[in-house]
Every structure is written in structure tokens, then in C-alpha cells.
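Participant: Here is how the chains run, residue by residue.
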Amino acid sequence: MEQSSEFDLDLAIQHQLDAYNAQGMLSPIDRDELLDHLYEQTQDLMRQGLSTEEAFLISQKRLGTAEVLSSEYQKARPWTRLVQFFAFAIIFLFGLKMMLNLMQIVSLSASVLVNQFLPEQLSLFLEWGDVSLQIASIIIALVVASRLIKRISASKLKNLWPVLLTYLISEIARFTMVMIATQNLGITSYSQLSINLSYMMWGMRAIGMLFVLGMLIRHRNLSLQLA
Amino acid sequence: MYTMVSKDLIAASTIPIVLSLLKEGDNYGYQLIKEVQKISDGALQWKEGSLYPVLIKLEKNGLIKSYIKKEEGRNRKYYSLNERGKSALVKLQEEWKLVNLTLNQLWNNQASLT
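Note that the protein sequences, when read in sequence, are chains A and B.
Under the numbering used here, the first residue of the first sequence is numbered 1, with each subsequent residue one higher.
Under the numbering used here, the first residue of the second sequence is numbered 1001, with each subsequent residue one higher.
Any given hint might turn out to be false.
Lysine to aspartate or glutamate pairs mimicking EDC-like chemistry, simulated, CA-CA at most 20 Å apart [to be verified]:
no.: 1; chain 1: B; residue 1: K1077; chain 2: B; residue 2: D1026
no.: 2; chain 1: B; residue 1: K1034; chain 2: B; residue 2: E1071
no.: 3; chain 1: B; residue 1: K1034; chain 2: A; residue 2: D44
no.: 4; chain 1: B; residue 1: K1070; chain 2: A; residue 2: D36
Don't read these hints as lab results, they were simulated from the structure.
Using the sequences plus the hints, can you model the full thing?
Facilitator: Here's what the structure looks like:
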């Protein structure tokens, strides 16, 4: 029972900050500011002879409850919630399109490679290999996306330009790949290549959209610091 | 026991007090709270958490600026008064002086009647 009587100030402060940020109103800078406040006040009170735990409890009480603080921050930044929601929506939607672009790039490069080195296997690949590749890449992309989302929120993303720029690059890469594939595979349009896959693609898109929606709902409390 | 200032008055006086303190020099939240307590001898008990959103509002309105300084291994957010803040403070000082003057005259007159 020795350990339970030890009071861990760092942990207590982190928990308290999480409680303050339950509504997602605190930016990383706000968090640092409140953390600094709690540490300083706790140390001040400890110098007056209080134990760490007593000092922390008083500092916490003086700073105010999570509900009060949250609503005060919300009043100071009335548009934050909406801006955050749209920012996340944009990141998710462009992220999804980037994922689909990546999928096409992977699939087309694989087709070109097969055509280059194993031309007799091309029809078989287009029928089976390509589909499995696409499914595999979308699954990988979904897993990566769900891992990345918390990092995106924690990072100090000041605006959405990096997202839009990455998206643009992926769009250019996809277009280039379509051109290469069209020439290399001797087909006149990309749609000829993917005609068998169109239902599949719409299915994937629907799954992707559901994923985006699910993520938005699940992570509605994450804050994104857009200055 | 000293008299505590009511919530409404605290809310009304927070901005002029913050601006006046920042006029003395750049400062951070916790220190501002401590100084107010010291100067008012404990009569002005701010709801500490509410000060930070007030600082956000003041910064948004362009009266103060903030910057981060690394101190004691932590990121400390300092605030400084800018030109707009200084002129806003001058205006606030005039308003408060008027209120002060009016109340003083009323109470002094009353005192002389009794």
C-alpha cells in the first residue's frame, strides 16, 4: 500500500488538464499556461508548509472547475468549435481523396510494371491482383489514418495549407501516373482499365465516407490549434 | 476580516486592472493574480481560471500581445501591452476617475450633512 499514499503531482496536473480540456476548448498553448499556473501555485503553497497533495488540491480549487473554465474559454473563442469541426472535416475529406489517389497510383504502377515484365499475366493481374492490391492499400491507409488523427490534433498545425498542398501533390502524381499507364498499357482512357472496378471503387468510397463520419464523431473533442 | 469586492465589480474592473499591471511591464497570468491580491490586500479575489479567457479576449481585441518564454523548464506565456492597449487604458482611466469622483463627492456631501 506504500505506493498509493505517494502523491504524483505531475500525473495529477496532467489529469486535471485533461479534465479542463474535455470540451476540446484548450489549445496546446492554453494547456501549457494552465500547467504553469498549477505548478507555480502548488509550489508557492508548499513553501507555506502544505503537503504536495494539499497544495495541489487548493490550487486546483482556486483555478476553478472544468465546466466553468471550459465555458469561459468558449465565450472567449465562440467560433472555435465550428472552425475545428470544419478543419477536421476538410482534413478527413482531403485525406480520403489522397488515400484514393494513392490507391490508384499503387494500382496503376503495379499494372505498368506487370505489363513491362510479365505482359502475358496482365489480364489476370487486372482481374485479381489489382483488386487485392487496392484493398490492401486502402486498409493500410485507414489504419495509418486512425493512428495519425491524434497526432494531427496534438501538432501545432497553424492552418490548412500543408494539407491542401499535400493533396495537390497527390493529385498531380495520380494524373501523371494515369498518363503513363494510358501510354504504356495501350488503352485510350483510364476508365477502360478500371471499368470492372467501378462498383468496387464506389463501395470503397462509401466505406471511406463512413470512416470519415465515424472519425469526426469519435474525435469530436479533439482540438486543433488553428490560429 | 476585510471587505470582499462583489463579483460584478470584479468583473468590471478586471480589464483596467490587467492593462494597468501590464503597463508596469510584461507579465504572466499567475503573477498577475498574485500582484492583484497583494495590491488589494486580498480584497480582490479573482476567479483565477477566468483570467486566462479574459487575456485571450484582450489579445483578440488587439490590446495586448503574448509571447512564450522558457522558464523553470516550462513554457511560460507572457503578455505585454501594445499601443492600442495603452490608449484604451487612458480612456478607461478617465472613465474610472469620473466614477470615482462622482462617488467621492456624493459620499463627502452626505458626510458633511450628518
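Participant: Give a verdict on every hint.
Facilitator: Hint by hint, here is what the structure shows:
no. : hint                   : verdict
1   : K1077(B) with D1026(B) : holds, 10 Å
2   : K1034(B) with E1071(B) : holds, 18 Å
3   : K1034(B) with D44(A)   : holds, 11 Å
4   : K1070(B) with D36(A)   : holds, 11 Å
Violated hints: none; the structure is consistent with every hint.
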